[in-house]
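Peer 1: Each chain, written out:
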Amino acid sequence: MSNIKEIQEEVVDEFSMFDDWMQRYEYMIELGKSLPLIDDKYKIDENLIKGCQSKVWVHAELDDDKLVFTADSDAIITKGIVAILIRVFSNQHPSAIIEADTHFIDEIGLKEHLSPTRANGLVSMIKQLKMYAVAYQTQLN
Amino acid sequence: MNPVTKNITFDVAKIREDFPILKRKVNGYPLAYLDNAATSQTPKPVMDVIIDYYSNYNANIHRGVHSLSQEATDKYEQARIKIQKHFNAQKAHEIIFTSGTTHGINLVANGFSAILKEGDEILVSALEHHSNIVPWQMLCEKTGAILRVIPMNEEGELIYPAFEELISENTKMVFLNHVSNALGTVNPIEKIIKKAHSVDAAVLIDGAQAAPHIKADVQELDVDFYVASAHKMCGPTGVGVLYGKEEWLEKLPPYQGGGEMIDTVTFEKTTYAGLPHKFEAGTPNICGGIAFGAAIDYLNQIGFENIASSENDLLNYATKKLMEIDGMKIYGVSKNKTAVISFNIEGLHPYDIGTLLDKMGIAVRTGHHCAQPIMDFYRIPGTVRASFSFYNTKGEVERFIEALKKAKSMLS
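The listed protein sequences correspond, in order, to chains A and B.
The first sequence begins at 1 in the numbering used here and counts up one residue at a time.
The second sequence begins at 1 in the numbering used here and counts up one residue at a time.
Next up, chain A with everything else stripped away, as it sits in the complex (with noise of 0.2 angstroms):
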């Protein structure tokens, strides 16, 4: 199981094959297509993320020691996004997803090639991801 470190740059190298934007968001609407969905019976308002044009949901719950998220979006492009975030952050245990840090987005060209609006939600998202990891850790402990 690779760490989070070890992901990030595995997205950074993917990302770095493209020529150019239109390359790039085909490539996220594919993941947000392939995005495992989220049980309908998570996707209530307590599990929506604020600070987002479209709607996200979020759900996290623990295996073992490793904190597993699931998602969803009614908007694609938000959605690719979504699961560039958990194939990052899902999986691994709650100290980690706190301590990680998330440069990764700059170096794929999200934060940079997003409306301020968007990258605010992509800035809730990862605020969000870490508030469970926070939540959890203390329940481990």
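Simulated from the structure, these hints should not be mistaken for lab results.
Note that the coordinates shown come from a computational prediction; the quantities given were computed from them, not determined experimentally.
Please note that the accuracy of each hint is not assured.
Claimed, not checked - Below, in silico cross-link-like pairs of lysine to aspartate or glutamate (DMTMM-like), each with a Cα-Cα straight-line distance of 25 angstroms or less: (1) LYS41/A with ASP376/B; (2) LYS43/A with ASP63/A; (3) LYS85/B with ASP222/B; (4) LYS43/A with GLU346/B; (5) LYS195/B with GLU169/B; (6) LYS405/B with ASP74/A; (7) LYS406/B with ASP326/B; (8) LYS25/B with ASP106/A.
For this one, chain A is given, so just place chain B on it according to the hints.
Peer 2: Only chain B this time, still in chain A's reference frame:
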């Protein structure tokens, strides 16, 4: 500059030279700015006025005896007269400078809190922007008045017979927009004002979306209040106008206390200045007001008939082209609408479409357009909204359509 020139040759290429921003690139593509209902772009003659103000006569107004202050005061008051003439107000002091439409609405709503009593009724339309809903809800909470809503139909038009049923002797005020920001529908305000006056209700028209396209004549409309924003009329942000009939403005209490709005001040009693200063507390947006006047000159020089006909051509062309796209659903299909197209493509989220259009240099608005009740009516989270101005071209419409088709194929 002749403010009433009409039917001059309309040359869009020449007009575009006045707008430096239209030459820029966005994400490597030439900008196609189709978000004019949110804010319009600023032409050079208006920018020149702003530079001239700060270069030559920046000073506080209405107080100083020195020459700069006098010059600034003269220009500011000339701008007021330009706005008065543009809207055909009877008197210059019926024109109140505001920070924008929202400020104007709040000023009137606040004034009515002293007039309304429990059980009085306020009618608003289902087509309102949040800024024309929230102040009235607050007013109702404060006074015990009741807010009633004039419903809309599938086409995005107000249902006039329902309005006739709602209005009664209890109705004290009617508030609606001249043009809906989310859908572009032009409301039948003449009929509504007449009917409201038959029960002695006051009428405030939100002209924010209409003013860039339609030259409203407040005397002919016999409207009590009319509000608009400069930044949708090729002027700067942070300045707008409230027109109010003299008798109403005299009746309403001041909105904010401060300098400019007083006559005499002692600790026992302050007497308020006359109109319009009673409503213009503090140092106003002097430069903005003067630039607003220049923007009105600019629009009149192009001519509102030219503006209407060119925008109407763009609207018809874009509507026809959009309808050729599979799964297209346009919201707001009134025969009487401005150059605004709110739409969705079946199965696609407006935000995805907006994001990809932006990548191709096309600026549109996505979301609920501050008009959630309309979105709830259609049971949708939002729409993509393209809104055209006289400086847009058919070429830009074509690029927009091509980019939309590309986005659709990427997302499907």
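Peer 1: Is the hinted pair LYS85/B and ASP222/B satisfied, with a Cα-Cα distance of at most 25 angstroms?
Peer 2: holds, 15 angstroms
Peer 1: Verify the proposed pairing of LYS25/B with ASP106/A, using a straight-line Cα cut of 25 angstroms.
Peer 2: holds, 22 angstroms
Peer 1: Keeping to a limit of 25 angstroms between CA atoms, is the pair of LYS405/B and ASP74/A held or broken?
Peer 2: Answer holds: LYS405/B to ASP74/A is near 20 angstroms, not above 25 angstroms.
Peer 1: Is LYS43/A within 25 angstroms of ASP63/A, Cα to Cα?
Peer 2: OK: LYS43/A and ASP63/A at ~20 angstroms, within 25 angstroms.
Peer 1: With the threshold set at 25 angstroms, check whether the alpha-carbon distance from LYS195/B to GLU169/B stays at or below it.
Peer 2: holds, 11 angstroms
Peer 1: Are LYS41/A and ASP376/B close enough, with their CA atoms no more than 25 angstroms apart?
Peer 2: Answer holds: LYS41/A to ASP376/B is near 23 angstroms, not above 25 angstroms.
Peer 1: Need the status of pair LYS406/B, ASP326/B: alpha-carbon distance at most 25 angstroms?
Peer 2: Within the cut-off at roughly 13 angstroms; holds.
Peer 1: Has the given pair, LYS43/A with GLU346/B, been kept, meaning a C-alpha gap of at most 25 angstroms?
Peer 2: holds, 22 angstroms
The structure fails none of the hints (numbered hints given earlier).
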